[in-house]
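Participant: Residue numbers (the working numbering), protein chains in the order written: chain X, 1 to 286; chain B, 1001 to 1155; chain C, 2001 to 2782.
FYI, nobody ran anything at the bench for these hints, they're computed from the structure. Among the hints, erroneous ones may be present.
[Unchecked claim] Output of the computed footprint for chain X on chain C, the stretches with three or more beta carbons under 8 Å from beta carbons of chain X: (1) 2105-2112; (2) 2135-2148; (3) 2603-2611; (4) 2710-2721.
Glycine included, every Cβ here is placed at the ideal spot set by N, Cα and C.
Letter by letter, the chains look like this.
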Amino acid sequence: MLRPFDYFHPNDMAETLTLLDQEDETSVLAGGTDLLVKMRRGSIRPPVVVDIKGLEECQGIRWEGDRLSLGSLTTFNDLLRSQEAHKHFPLLIDAARVMGCYEVRERATLGGNVVNASPGAESGSPLAVLEAQVVLKGRRGERQMSIGHFWQGVGKTDLAPGELLVRIVIPRLPEGSRSTYLRRSRVQGMDLASVNVAVVVINPRLPESREIRVALGAVAPTPIRAREVETLLRGQEITSSLLSQMRDKIQEGLAPRTTSLRATPGYKKEMVGVLTEMALEVLLKG
Amino acid sequence: MKHTINLRVNGEEVTTDVKSHRTLLEFLRDQLHLMGVKEGCGDGECGACTVLLNGEPVRSCLILAVEAQNSEILTIEGLAEGEKLHPLQRAFIDQGAVQCGFCTPGLIMGAKALLDRHSHPTEEQIREAIGGHLCRCTGYETILQAIRSVAKMRP
Amino acid sequence: MAEKSWLGRSIARVDAVDKVTGAAEYVADIRLPNTLHMKVVRSTQAHAHIVKVDTHRAEQVHGVVAVVTGQNCPYLFGSCIFDQPPMATHKVRFVGEPVAAVIGRSRDVALEAMDLIRVKYEPLPAVFDPQQAIAPKAPLLHEGLGQYRYVPSFHPQPGTNIFHHYKLRKGDVNKGLQQADVVVENRYQFPHISHAQLEPHGTIALWERNGQLKIWSSAQSPFFVRHSLAGAFGLPHAQVKVVVPYIGGGFGGKSDVTIEPLVAYAARAAVGYPVRLILTREEMFSGTVLGRGCWARIKTGVQKDGTILSEEIELLFGGGAYGDCCINIVAGAGHNAPGPYEIPNLKVDSYGVYTNTPPVGAYRGYGHPEAHWMAERQMEMIAQKLKINPVTLRRRNILRPGSVNAFGQKMDASHGDLDKCIQQVVHELQKGTVRGSSKKAAHKVRGTGIAAFMKSPVMATNAASCATVNFGEDGTVNVLVGCTEMGQGSFTVLSQIAAEALKVPVEKVKINRIIDTDVNPYEWQTVASSTTWKVGNAIARAVGQAIQQIKEIAAEAWGVSSEEIEHGPDRVFLRKNPKKFLPLSSVAMGRVKPDGQAIGGPVVGYGRFVPQGLTYPDPETGQGNLAAEWTFGCQGADVEVDLRTGHIQVIRLITAIDAGQIVNPILARGQVVGAMVYGLGAALSEKVIYSPEGWIRNDSLTDYKVPTPGDASSIEFKVVFLDTPLPDSVYGARPLAEHGTVSVAPAIANAIGHATEIQFFALPMTAERVVEKLKMKEDRRC
């Protein structure tokens, strides 16, 4: 049962931004799979809900030069159906496959997932490792920023009052790049991630010029890049000794909260190393 | 706040008023008296509220009734034709996939949508389709058997 | 003319069409005119005095009919100890306890008003762990424990938090321990878990202006609800009507009384109107009952050859704020704690301890999963210590014909063949067809384990089942019973039993689908996996009575004695001339002579079954004729553990159960497989997680993880039914519905131990605890 609110379904961006600007406490409704859960519990009680599903600017997946631009209203099923995503960013497909369940994926949007800013979000570590940018629009105009800066804490983003996330833009990876997303969860069915990693390998076959990017989810207030690990692995031959070093290094500085319902800090720290190693096993084969 | 919505539910035109905060689940049950759509959790976790919206399976507890404006909704009540059961309904009975029955309508709708998408689904596709449906009674074995049996029967 | 038997046939469920078409009615689907809606304000404190409940703003909301608190509420409810008010009176004892209820014309109104109620508390020290709650200076939850009514076989201890202490004494446990070659002592734990039925609890209560109380509820035990409400409110039983439609899953969590007293109490403020409460999923955790919550210590003395000489067991149940059914589970777990073994010297102390958490009630398995978690892990630890094969160890000690069990019952062959069940499981595990990956990965290890079980129905000594049978003019049969259908298939199986007894096609039998205490015959409760057996017996007796009446009518029609008449397929006939017969349809409503005179009239058969000879346990020794019957079995698990991630993959789960006559094979297998998956949850992922202040942190299906299709679809299930008939059951059918949950967890734990040498003593067994234990082993080596 939800508490009463006023609902608007604006037809265009201008109307939307006006609504978001005017009303004091508005919530944006896209897929509803996060918003309605919070509203039912009473943890948020917005007097106004603005349904943005009519906005064309937030829809569609298209290349803009060297960057793939995904509308914030792209659902997870849309992502799974996107040939471009399969071809260029398979880790997004890996993540989308385990996000929620079919019915949830039919509604849940990438934009909603990003703005919800859960550190363990399925799209979190993938978009971080892909160095995605977010495009935000407000009455004062449009701005772009790196997704790493956009996420500021658990449930917190740089979204200003009256602003809307309209697109997520991902730079194309060099030809031959490989990527994957792995996670641990409590059950083998629909579940949130207890901890996850997203790994991209650029130039997998040429160790000297190989670049490995690693992003971690659910071990910090936002998804984070494991920069020191990336430095450790850059241009190196991947031996079991190096992997062992990697597993130690990746834990340095990590202090996951002790209050997680999904996994203990010790397990999370252990698993980011294990999952990264597993990812590399797959990505560096052949 | 009230809105007038027009939609088709189980093949019938419906025009009526709904409050902004009414979920599609509440609307279907309380206003249209389609009691086959069940509320198990209200969080989209259990699948008991699953209906088809424009042919796709969705969690009606996480959709506002107003969002269903101009859409086509199919609930469990819309599956059988008179006494003639849909093959999935028949299979659930024959394979023993029904126990307490509370998860059954949502599961059958999810499975129907699967068979509409893929006329010969793979095992992986079947598991993907029902992956977000919880059942506390059957242990899922007979549910999977039921869906497989319908897929197998198809030409 | 021989007719095929209805036993052992997988006929379609009689309620299946209703359920697959969405036509099956559950309590939330019932629509009564002028229904009012209830919302409940619940305690945010684990233990506190209620200083003030400010309802005046709520009362002002347009559409609010009444706001009710528990102040001055004189009523106390319970199942065996009557300690629970429908709403908190002067203090709250757990987070979630009802403090106020709003009744409004719509759910919107009730919700709006609920938000406006303010409660002021004066916190009291709280205690969450029974090990602390049982300590001498622990904060007391029930100062008035000495004044509560309770069923005489229980022993609450006023001045403490102990609401029951079950004692079992057999032989001389200390002497036995001294004589033992080896003593193994361990502690075990089984956390609180939630039933997580898909259908939330719901109750509609209507106080009619004529003084009748009508209740519609998702309740396994309509007659218990009637008795409870009538007793507490001081109403004649005949003035209380309880109606139960289909139940969307019970598992014990809807037995006895749950939310009915709350709704009935609040509804008194709105006489003439049905008042409806359907619990939210959050309320399903804190607003009804939980299960398990057992801390155990077991000390076993064994001889070198594995013979168990002596065992000392202490069980502490964190029973929550009210005794509910935990009080009875304390006894059930107590007398099953040794497991299915013959142990000459035993000392069991099982305590039900009040804790500031939601009450613990009946939960599938009813003390047996708790007991077997401990007993079957202990057997494995003993086998390890003695370096004896765990199968050999068990078979050396199991109860066999001639054994005497923990509380003095002598076993015989009719109780079932546990040894054969064990052998079946071992045989299945050895077959070892590997599903999935046959690649050997260095970081994945494989292991198998078994765990035996026994279960008896833990119920009142006079738990009665009744049935009536009457006929239509066309010979179709109406069977009325008092048991409920919550998915277990009772109506279908009982139809088959009725058809078998009547010797008619099952299509001619109709079992009522809705239980109405005004109309249906008495049923103690639909619990304990006992419906097929007990109600089946009652139906067979009702049929016997009906057939006797039919014979008498036929006898009068033919001018013979009824002794000369036999019952055949859908007919009665003259024994010495079978060609002279009458179809049942032409007799069951009476007959008419050629000249018009009436012979007899509509036949109504009544049958009743109450297991005989059950006694209360002796208060000092716990001995007595406590178990009406036994079902034995064994479970096995084949698991693969990933040493890197800790992931536990169950590959095969096997249950061999001596279930006697199987009435409906598909339904029976469905019950056992369903039970195994249910037990899988407790083994691998389910646990109620409390905050330090006593809140349930994971009160949602997002974070209370029950088995999903993904978990179950990667497991191969094998069920083997043995068929020792239960002598006391009309066709030999034994209870089997809960049993599949009993030893899943220890079987998996034993398999994990075999694969990895990691030993689990507490549940659930998760990947992260595997990794944690592997690290500890590593650390110990450094």
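Participant: None of the hints should be skipped; say for each whether it holds.
Facilitator: Status of the hints after comparison with the structure:
no., hint, verdict
1, 2105-2112, "holds (count 4)"
2, 2135-2148, "violated (count 0)"
3, 2603-2611, "violated (count 0)"
4, 2710-2721, "holds (count 3)"
Checked against the numbered hints above, the structure breaks hints 2, 3 and satisfies the rest.
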